[in-house]
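Take the sequences, apply the hints, and build the full model.
In the order they appear, the protein sequences are chains F and X. To get the numbering used here, take the position in the first sequence, counting from 1, and add 13. To get the numbering used here, take the position in the second sequence, counting from 1, and add 2.
Read the hints as simulated data drawn from the structure, not as lab findings. Do not rely on the hints blindly, as some may be mistaken.
Here are the computed distance ranges between Cβ atoms for each label pair [claimed, not checked]:
1. R39/X with A245/F: 49 to 55 Å
2. R74/X with K79/F: 54 to 60 Å
3. R239/F with M3/X: 42 to 48 Å
4. G87/F with P42/X: 54 to 60 Å
5. R74/X with R220/F: 25 to 31 Å
6. D200/F with E22/X: 34 to 40 Å
7. A20/X with L247/F: 35 to 41 Å
8. H240/F with F69/X: 27 to 33 Å
Backbone N, C-alpha and C fix where the C-beta goes; we use that ideal spot for every residue, glycine too.
So you can see what is in the structure, the chains are spelled out below.
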Amino acid sequence: MTRADARVLIVGIGGIGCPAAMALARAGVGTIGLCDDDEVQLTNLHRQILFSQEDVGRSKVDVAAKRLRVLDGGVHVRPHSRRLLPDSAMDLVRDYDLVLEGADNFATKFLAADACRLAGVPIVHASAVRWVGTVLAVGPRGRPCYRCLFENVPTDGAPGCALAGVLGPVPGIVAATQADLALSILDGNFVDGQLVTFDGCTDTMRRRTVPARADCDLCGTRPLIRHIEQQAYLTPPA
Amino acid sequence: METIVRIPTPLRTLTGGADEVTASGKTVGEVIEDLERKHPGIRERLLDDKGVRRFVNIYVGEEDVRFLEGLRTALKPGDQISIVPAIAGG
Chain F
14 MTRADARVLI VGIGGIGCPA AMALARAGVG TIGLCDDDEV QLTNLHRQIL
64 FSQEDVGRSK VDVAAKRLRV LDGGVHVRPH SRRLLPDSAM DLVRDYDLVL
114 EGADNFATKF LAADACRLAG VPIVHASAVR WVGTVLAVGP RGRPCYRCLF
164 ENVPTDGAPG CALAGVLGPV PGIVAATQAD LALSILDGNF VDGQLVTFDG
214 CTDTMRRRTV PARADCDLCG TRPLIRHIEQ QAYLTPPA
Chain X
3 METIVRIPTP LRTLTGGADE VTASGKTVGE VIEDLERKHP GIRERLLDDK
53 GVRRFVNIYV GEEDVRFLEG LRTALKPGDQ ISIVPAIAGG
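Listed below in structure tokens is the structure:
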């Protein structure tokens, strides 16, 4: 598959999704899907670099689609102006060759991980809070997966960017790493289970290889997650 | 034996802002207990009654302790511990 033939879905058009989409469009990815139900807010603008002040109040997906088409006239943009939800996640990710997930809440992260594994679609997860970021690439084999690293939706002690804040450049660095790993998957030059962490306080980036867990509920030898269940993703959005 | 522990940003409020601290112990569990003595509150952020919290990963060098001996993982001179918590945001 060439990059021009590739269809990539981006879940979460925020501080990570915006620069990741720009990187993929400029790298020649043929089709980019954008999935988000939010509108642009003034507090987004320091990091969500597809948007500007006149966009406040508009649909993020609509504005991002317009800007990406200006950036690269050859890219086909598919807007999905809705949240990734359990009842439709599988159908949506099946339409794509690769998913980039940069959601601002754990429920969506785990839902994207589960849907992609069950649909056989590779996924690159990314997060940024305060001065730290993480990126985890799950290749075509589907393991090790996000649940090998973080087993289930946290119930406490893990703040999101809406509460904790995020330093503007950090999601940009995280998104560039996410896009780089995504292109590696599309180009067929990928090693499974790459976890990259970035510390913006010390400007330190580290890469580790995450092992697959035999008892992982999603990708282990006896997986418990065999389909998407609504109640498994009930934590409130950030 | 003293071991260097790399502290992620969300936990630095407990270490006075330090991104690296030292703690003593022969195993990961002992080091966490010494961390708790020096930086009260950090144990609860890392462990629950079943062991390492499900959304926290503790590494010795490049190895996740869940794939070693968990909290009983023995430490060697020169080992470094790092902590990677789950985060959601962008």
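Here's how the hints hold up against the structure:
1. Remark: the range hint 49 to 55 Å for R39/X to A245/F is contradicted by a beta-carbon distance near 38 Å.
2. Checked against the given bound of 54 to 60 Å, the beta carbons of R74/X and K79/F, roughly 56 Å apart, stay inside it.
3. At roughly 46 Å, the beta-carbon separation of R239/F and M3/X lies within the given 42 to 48 Å, and the hint holds.
4. Taking 54 to 60 Å as the suggested C-beta distance range, the pair G87/F and P42/X conforms, at roughly 58 Å.
5. The given range of 25 to 31 Å is respected by R74/X and R220/F, whose C-beta atoms sit roughly 27 Å from each other.
6. Remark: the range hint 34 to 40 Å for D200/F to E22/X is upheld by a beta-carbon distance near 37 Å.
7. A C-beta distance of roughly 37 Å is found between A20/X and L247/F, which places it inside the suggested range of 35 to 41 Å.
8. Under the hint 27 to 33 Å, the C-beta atoms of H240/F and F69/X, about 28 Å apart, fit the expected range.
In summary, the one numbered hint that this structure violates is 1.
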